[in-house]
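Just so you know, the sequences run in chain order A and B. If you use our numbering, the first sequence corresponds to residues 1 to 221, in order. If you use our numbering, the second sequence corresponds to residues 1 to 425, in order.
Rather than coming from a laboratory, the hints here were simulated on the basis of the structure. For every residue, glycine included, the Cβ atom is placed at its ideal position computed from N, Cα and C. Treat each hint with caution, since some may be false.
Derived coverage of chain A by chain B (criterion: at least 3 residues anywhere in the stretch with Cβ under 8 Å from a Cβ of chain B; other residues may be distant) [stated by the list, open to error]: (1) 48-59; (2) 66-80; (3) 136-144.
Non-contacting residues of chain A with respect to chain B, defined by C-beta distances greater than 10 Å in every case (computed) [as the list claims (entries may be wrong)]: (4) 40; (5) 84; (6) 98; (7) 118; (8) 156; (9) 157; (10) 194; (11) 213; (12) 216; (13) 221.
Just the calculated beta-carbon pair ranges, DEER-fashion [as the list claims (entries may be wrong)]: (14) 76(A) with 314(B): 24 to 34 Å; (15) 41(A) with 401(B): 44 to 54 Å; (16) 76(A) with 371(B): 34 to 44 Å; (17) 303(B) with 18(A): 45 to 55 Å; (18) 114(A) with 50(B): 55 to 65 Å; (19) 295(B) with 42(A): 53 to 63 Å.
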Amino acid sequence: MIDARQLERHYDDGARGRLAVLDGVSLTVADGEFVAIVGRSGSGKSTLLHVLGGLDTDYRGQVTVAGTRLDGLADAALARFRNETVGFVFQSFHLMSGVSALENVLLPARFAANPVGALHARAQAALARVGLTAAHGARAPGQLSGGERQRVAIARALFSSPRLLLCDEPTGNLDAATADEVVALFKTLNAGGLTIVAVTHEERLRSAASRVLTLAGGKLS
Amino acid sequence: MSGSLWPLVKLSLARDRRSALSSAFGLAVGVASLVFFVSLGLGVGAIVREKVFPVDSSLVEVVPAQLSFGLLGGGTLDEATVARLSALPGVERAFKKMNVRAPAVTIYRGDFFGRPLHMGLEVLAVGVEPDFVRGDVLLGEFVDPGPDKPIPAIASTRLLEIYNKSFAPQRSLPQLSGQLLTGFIFPIDFNRSFVTSTPQSASAIPSQAQLVGVSDRGLLAGITIPLEAARRINAAANLDAKTFTGVALKATDPSRVPGIVAAVKAMGLRVDDQERRMSENAGAAVAISTSSLALLSVLICLLAAFNIAHAFSASVRAREKELGVMRAVGASRRALFRLVLVEALVLGVVGGVLGTALALAASLGLDLAAVHLVPEFPFKPDSWFQRPVWLLGGGVVLGVLAAVAGAWLPARRASRTDPARVLAG
Ligand SMILES: Nc1ncnc2c1ncn2[C@@H]1O[C@H](COP(=O)(O)OP(=O)(O)OP(=O)(O)O)[C@@H](O)[C@H]1O
Ligand SMILES: [Mg+2]
Numbered sequence: 001m002i003d004a005r006q007l008e009r010h011y012d013d014g015a016r017g018r019l020a021v022l023d024g025v026s027l028t029v030a031d032g033e034f035v036a037i038v039g040r041s042g043s044g045k046s047t048l049l050h051v052l053g054g055l056d057t058d059y060r061g062q063v064t065v066a067g068t069r070l071d072g073l074a075d076a077a078l079a080r081f082r083n084e085t086v087g088f089v090f091q092s093f094h095l096m097s098g099v100s101a102l103e104n105v106l107l108p109a110r111f112a113a114n115p116v117g118a119l120h121a122r123a124q125a126a127l128a129r130v131g132l133t134a135a136h137g138a139r140a141p142g143q144l145s146g147g148e149r150q151r152v153a154i155a156r157a158l159f160s161s162p163r164l165l166l167c168d169e170p171t172g173n174l175d176a177a178t179a180d181e182v183v184a185l186f187k188t189l190n191a192g193g194l195t196i197v198a199v200t201h202e203e204r205l206r207s208a209a210s211r212v213l214t215l216a217g218g219k220l221s
Numbered sequence: 001m002s003g004s005l006w007p008l009v010k011l012s013l014a015r016d017r018r019s020a021l022s023s024a025f026g027l028a029v030g031v032a033s034l035v036f037f038v039s040l041g042l043g044v045g046a047i048v049r050e051k052v053f054p055v056d057s058s059l060v061e062v063v064p065a066q067l068s069f070g071l072l073g074g075g076t077l078d079e080a081t082v083a084r085l086s087a088l089p090g091v092e093r094a095f096k097k098m099n100v101r102a103p104a105v106t107i108y109r110g111d112f113f114g115r116p117l118h119m120g121l122e123v124l125a126v127g128v129e130p131d132f133v134r135g136d137v138l139l140g141e142f143v144d145p146g147p148d149k150p151i152p153a154i155a156s157t158r159l160l161e162i163y164n165k166s167f168a169p170q171r172s173l174p175q176l177s178g179q180l181l182t183g184f185i186f187p188i189d190f191n192r193s194f195v196t197s198t199p200q201s202a203s204a205i206p207s208q209a210q211l212v213g214v215s216d217r218g219l220l221a222g223i224t225i226p227l228e229a230a231r232r233i234n235a236a237a238n239l240d241a242k243t244f245t246g247v248a249l250k251a252t253d254p255s256r257v258p259g260i261v262a263a264v265k266a267m268g269l270r271v272d273d274q275e276r277r278m279s280e281n282a283g284a285a286v287a288i289s290t291s292s293l294a295l296l297s298v299l300i301c302l303l304a305a306f307n308i309a310h311a312f313s314a315s316v317r318a319r320e321k322e323l324g325v326m327r328a329v330g331a332s333r334r335a336l337f338r339l340v341l342v343e344a345l346v347l348g349v350v351g352g353v354l355g356t357a358l359a360l361a362a363s364l365g366l367d368l369a370a371v372h373l374v375p376e377f378p379f380k381p382d383s384w385f386q387r388p389v390w391l392l393g394g395g396v397v398l399g400v401l402a403a404v405a406g407a408w409l410p411a412r413r414a415s416r417t418d419p420a421r422v423l424a425g
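Next comes chain A alone, as it looks inside the complex:
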């Protein structure tokens, strides 16, 4: 699913000078794996995830995800890759306020190359997959609990039936019980064949993963 080689990413950070966040990271993830990436704050976990998901283009090295070579890909092609092949889940949900949860779930369709019809039905199905009802879908994000919001965000990531889910601290903003539910959901999704790479600090997510990697000093081990 993922084949990344010799990834290098640095920031030019005024006072501190050149900051090598990724310093020769190589990573292979097989189809259907559930990989957890851990590391101290600031070790570059989010940076790595953005490179793997085609959100960051300012790196050196080679990345192939689900058969698509990402390095050097033009903006439009990368956008299409993000739209169809990967789904992102963030720590702070990042839902659009002022519009319904359902509208949030079908956001990817607004940017799809060929939006398939029956968008609402598909969005409802995605909500059902994460354990939410049509009533939840009708509400605005502000009217949902934290756990429900993260489920909506996961439903949005699942909307386009991606092959890879990239999660950045997905349980970081949730209480213990809710976090357990979300982890259980990831396990179910993974059992259904979805490849998951999750960045985390948390033991519960780490223990759910089939493999745990540690990012430190710009290297992955």
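Since the structure of chain A is already known, use the hints to place chain B with the ligands on it.
Here is chain B with the ligands on its own, set in the frame of chain A:
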């Protein structure tokens, strides 16, 4: 290339309803003022051009030089000079004109379209070649009928307008149209005057005139009669019946006029461009005031564009995370650029249509008010405005352009949102 952004545009505009409304309203004000003033300028310009100073742009009025050049005979308009004038390059035809050089009065006693009228009036008369006014003659042949029959006469369109709008109402005389006037016969005594003592040598020549039409080419303060009639009266009064008082040169094309004017001046003759100058001055005055008001309106639109730039900048900044998420779920840079620009486009269309409609409503309302509230006066138009389709379409286009111009940089900033930065946790 991308899916339908329309739902997102709607969502975003609905969410920022107040800001969107104020942006669109600003545009509407600018567009309304532009459409209104241009419409007014076009209307008033047309009134000046077509009614107040109807100038035929392909006509050159040649008059004799003020000083004659003695032996050379230059400066007068005799047959030989007219022949040379008609041979000038660019001249299609020369129309000779001869004033009746004797004074004339009309004394009318009797029924005047249903009212008793008793009036004595000093009259000027000019004789013109029949073809010069042929198109406006409604009755009979425009030729000299000889001493005993009424002379066909043409009145000035503008004179009729002044009569109808100020002279007649003040004296409770009937309103007249060219149609109604046609056929009207009135007495006219040549070689007689109320204001100057007439030469003893000649006695009055009583005659009659019959109105046969009205024309823009008619003498403003008098009547226009066939050239031969003027010649005959001048001869009968022992006055100059040979040289002409003017020649109207019809150019093959208005663009030839400057060349003809130069050639005429080189012949030692003058060109009477008083009417043309007045028309041009009045036209320029209208054009200048319209342009300055239009400029002001464009400034308002510019302000509206700045307002939109400001509002969209703020909105894009506030939506940074949202735009980042859109990038994450598959928005290209182009798609985000388009998303913001289409939002502005909608505001532009709304503002443009609203502004154009406002301007239309205002101009129609003022026209209606003018009909009822402004008293009649000469050249008072039915409408003070012109509302050509291009102007209405232009109003909408202006709204769209201002909105899109204002939103351009914010849209670019939106397209450059770095998702890795705004989404990092
Ligand atoms: N735009 C940027 N400019 C400069 N430095 C940056 C930028 N983005 C990230 N960094 C730095 O790069 C390093 C890695 O950042 P990253 O967000 O990948 O860390 P992380 O492992 O996800 O941390 P956390 O666990 O706190 O989320 C950090 O030291 C951070 O300060
Ligand atoms: Mg992070």
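Checked hints:
1. Proximity of the stretch 48-59 of chain A to chain B, defined as three or more residues with a beta carbon under 8 Å from a beta carbon of that chain, is established by the 4 residues found.
2. Residues of the stretch 66-80 of chain A with a Cβ under 8 Å from some Cβ of chain B number 5, which satisfies the need for three, so the listed coverage holds.
3. For the stretch 136-144 of chain A, the proposed coverage by chain B is not satisfied: 0 residues have a C-beta within less than 8 Å of a C-beta in that chain, short of the threshold of three.
4. Taking the minimum C-beta to C-beta distance to chain B, about 14 Å, the non-interface status of residue 40(A) holds against the 10 Å cut.
5. For residue 84(A), the condition that its CB be more than 10 Å from all CB atoms of chain B is violated, with the nearest at approximately 7 Å.
6. Against the 10 Å criterion, residue 98(A) falls within the reach of chain B, whose nearest CB is about 4 Å from its own CB.
7. At roughly 14 Å from the closest C-beta of chain B, the C-beta of residue 118(A) stays outside 10 Å, upholding its exclusion from the interface.
8. Not every Cβ of chain B is farther than 10 Å from the Cβ of residue 156(A); the closest lies at roughly 7 Å, contradicting the non-interface assignment.
9. Against the 10 Å criterion, residue 157(A) falls within the reach of chain B, whose nearest CB is about 8 Å from its own CB.
10. No beta-carbon of chain B comes within 10 Å of the beta-carbon of residue 194(A); the shortest separation is about 17 Å.
11. Look at residue 213(A): its CB is around 18 Å from the nearest CB on chain B, clear of 10 Å, so calling it non-interface holds up.
12. Residue placement check: residue 216(A) keeps its beta carbon more than 10 Å from all beta carbons of chain B (closest about 18 Å).
13. Against chain B, the non-interface label of residue 221(A) holds: every CB pair exceeds 10 Å, the least being about 23 Å.
14. Separated by about 28 Å at the C-beta atoms, residue 76(A) and residue 314(B) satisfy the suggested range of 24 to 34 Å.
15. Between residue 41(A) and residue 401(B) the Cβ separation comes to about 49 Å, which falls inside the hinted range of 44 to 54 Å.
16. Under the hint 34 to 44 Å, the C-beta atoms of residue 76(A) and residue 371(B), about 60 Å apart, miss the expected range.
17. For the pair residue 303(B) and residue 18(A), the beta carbons lie near 46 Å from each other, so the given range of 45 to 55 Å is met.
18. Taken as a hint, the range 55 to 65 Å holds for the pair residue 114(A) and residue 50(B), whose Cβ atoms sit roughly 59 Å apart.
19. In this structure the supplied range 53 to 63 Å holds for residue 295(B) paired with residue 42(A), their Cβ-Cβ distance being about 57 Å.
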